[in-house]
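**Student:** So the chains spell out like this:
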Amino acid sequence: MFDYSPAPESKDLVKFQASYGHFIGGKFTKPANTFSTINPATEQVLAEISHGTAKDVDSAVKAARNAYEKTWSKLDGATRGKYLYRIARIIQERSRELAVAETLNNGKPIKETRDADIPLVASWFFYYAGWADKLDYAGLGANPKAHGVVSQIVPWNFPLMMLAWKIAPALAAGNTVVLKPAETTPLTALLFAEICQQAELPDGVVNIVTGFGDTGAMMVGHPDVNKVAFTGSTDVGRIIAKQIAGTDKKATLELGGKAANIVFEDAALDQAVEGIVNGIFFNQGHVCCAGSRLLVQESVHDVVIKKLKARMENIRLGDPMDKNTDIGAINSKEQLTKIDRLVKQGVKEGGQAWAPSCAIPKNGFWYAPTIITGVSPANTVVREEIFGPVLSVMTFRTPAEAVAKANNSQYGLSAGVWTEKGSRILKMADQLNAGVVWANTFNQFDPASPFGGFKESGYGREGGRHGLLSYLKGSN
Amino acid sequence: MPTIEPEAVVGSRITNQSLSRWLHSLPGVDKVGLEARTASLGTRSIKTASKAWALDMAIKMMDLTTLEGADTKERVRSLCLKAITPDPTDLTTPQPAAICVYGDMVKHAKEALGKNKIHVAAVATAFPSGRASLPVKIADTKDAVNAGADEIDMVIDRGAFLSGNYLEVYKQILAVKAACVRKDGTRAHLKVILETGELETYDNIRRASYLAMLASPDFIKTSTGKVSINATLPITLLMLQAVKDWYDQTKIQIGVKPAGGIRTAKDAIKYLVVVKETAGEEWLTPKYFRFGASSLLNDVLMQRQKLTTGHYSGRDYVSVD
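Going down the list, the protein sequences come from chains B and L. Count along the first sequence from 1, add 398, and you get the number used in the working numbering. Count along the second sequence from 1, add 64, and you get the number used in the working numbering.
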């Protein structure tokens with residue numbers, strides 16, 4: 399038998415402090431009002447984190463305003479770019495440490511933080527560093543202006559990557575920021591604060607305030623904040639939209655999704671199966687653009703499901719620090735409970751749930767990769783975002799039916815199309831109501847490509863020139 | 065042993081037209097997706113006990129090969145002795161599956177191997193180009209079988225395949241397979257070389273795999289080692305997927321042999337990972353997976369010594385061949 403021996407990455411590559419304060423005005427505050435952050439794979443405490451108060455938020459916004467007025471807005475674009483390049487290079491230099499930190503705090507496999515998350519983080523800073531001295535060419539006329547102080551709130555599924563998506567374009571455009579990482583995954587943001595110090599970024603340009611939803615609400619509501627950027631659930635997105643209604647604050651909201659992954663009978667089936675797996679099981683399915691609704695043409699349904707099940711038997715669930723792990727831990731107990739509840743609901747409504755035979759570790763939060771067949775657009779598991787490694791499978795007969803079913807969702811973030819027919823790809827992309835449509839691939843991210851949704855998936859775009867516009871006056 | 069009815073598989077009487085229809089109805093292969101999957105499997109980290117297991121298995125799966133115009137009796141004899149005792153400093157080292165030579169060297173190899181269970185494989189059918197008439201190919205095969213070859217590695221007629229003459233390719237494989245039958249009724253094992261480097265597209269390679277499998281050989285093999293692109297990991301993954309799908313459909317298990325260009329233990333381990341995660345554990349045996357290689361053995365031996373002794377030796381601590 400060819401069992402892979404354990405191949406763990408070293409935990410010693412990162413040293414967390416016992417407790418962290420907020421990063422305000424270039425310095426860490428004294429830890430206060432702390433809560434624990436854990437490793438979801440072991441439930442061990444990694445560090446104590448400060449819960450931001452109104453006073454903390456106020457001093458962070460003041461620091462950001464001060465930095466904006468006195469330094470950052472006075473620098474030319476090339477100099478801002480220089481800082482961003484410096485940050486990008488430090489991220490590359492410390493990539494192994496950051497990958498380990500992210501895996502420990504988030505639960506996702508080291509394979510992903512090493513090969514996807516951290517390289518993308520660096521590439522985002524490199525990409526927007528290049529824009530900093532070229533804002534005159536962004537399409538808004540000469541000398542477009544920054545908003546000023548931006549409040550940014552990021553989720554726990556890609557902690558450092560979402561930070562990069564927010565901070566890199568904001569700084570390139572000339573804003574200063576106050577950012578709050580998710581309460582379950584604050585550690586890489588705090589390491590990023592150290593990187594800002596290391597890069598000698600002027601004090602107050604980046605401020606990190608940690609805490610829960612109440613801290614975030616204070617950041618959104620603060621009167622001296624000009625713009626809010628949020629990635630997270632649609633429910634919270636709605637609260638934010640209400641909170642800023644009637645003010646002149648701008649907002650970018652990246653919210654939930656329930657992407658359709660559409661497999662036509664003429665697709666390259668082996669690679670389509672691979673794409674289905676990558677679409678829903680990447681990052682334990684904690685991906686807003688995950689391909690969580692599989693739409694497969696009736697004539698190939700059986701063969702696709704057979705191949706998919708065979709492929710899923712090879713998925714390795716377990717210690718996220720092991721280099722051979724494909725599926726790591728669910729980020730929190732709360733999320734695990736939600737996934738479990740929704741799958742049970744799916745089965746109650748008549749769906750058949752199937753998961754491969756894999757051992758589940760004793761400690762930590764885990765969910766085996768699962769597919770639910772025999773469901774229809776009326777079922778809860780097809781309508782609601784599960785945000786876990788759970789795929790709902792439906793069939794279609796004609797391209798028109800595929801489009802109708804795919805678009806029948808409150809969300810509109812992403813979609814996938816699998817066919818060997820080029821003309822069909824173009825037609826489907828035209829008809830699908832989704833911000834991103836992938837053809838014969840899934841979950842591909844690039845800093846040069848705009849990303850964002852329709853309907854309840856939010857508004858505004860991140861990435862590319864479009865992502866830059868979100869941080870300049872005269873646009874959203 | 066189960067057998068198949070080719071007509072039942074193709075769904076019609078075997079004609080060039082029906083073969084063409086059948087082969088062109090197979091799902092396509094997406095190049096980007098296939099290569100991405102292969103690259104992702106290439107990042108598997110194989111350490112300690114699993115590495116030791118893999119290194120030994122790689123040796124057991126090896127067809128230790130010499131296919132040079134300059135081959136001599138002495139050279140073949142020396143290779144055979146190396147196969148018998150791959151590492152004189154460690155007698156627990158397993159032996160490779162076979163020695164692979166040209167047909168005229170079979171008798172020298174048999175003589176050198178004596179009663180040892182290591183097989184002798186002979187390349188035949190106007191290897192490597194395959195450009196000869198069918199009677200010549202059959203005579204070439206019979207010559208090697210009569211000299212005592214345990215296995216025959218034949219090449220397909222790539223010209224016929226690329227011009228759409230599938231029936232010709234299929235008939236030739238059947239004819240060579242018949243020529244593998246010995247006087248006592250037993251049959252030399254048949255490996256069918258697709259020469260994937262000349263077929264060029266992944267779609268072609270999948271079709272050629274299916275066409276060859278229709279003739280029920282023991283193995284399908286990537287390459288002769290004589291063209292610029294030989295075995296690659298994505299091609300091998302694709303062929304492993306083909307034999308797996310074939311098994312699911314017919315219950316007939318066919319082996320895969322990548323050959324040419326696999327030189328390091330690290331590469332060999334990647335192939336074994338691809339075998340395990342594509343075709344499955346049932347293929348992780350010399351009966352169903354082989355490496356066609358020459359310089360690979362020494363690198364595996366050096367890695368093996370490193371695992372046992374804890375330090376790297378060097379080229380002079382393994383024998384030249």
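By construction, these hints were calculated from the structure, which means they are not laboratory data. Keep in mind that the hints are not guaranteed to be accurate.
Unchecked claim - When the alpha-carbon atoms are kept at most 27 angstroms apart in a straight line, the in silico BS3-like pairs for lysine-lysine are as follows:
hint, chain 1, residue 1, chain 2, residue 2
1, L, K308, B, K707
2, L, K95, B, K825
3, B, K721, L, K111
4, B, K704, L, K95
5, B, K409, L, K124
6, B, K707, L, K95
**Student:** Going through the earlier hints one by one, which of them does the structure break, listed in rising order?
**Tutor:** 5
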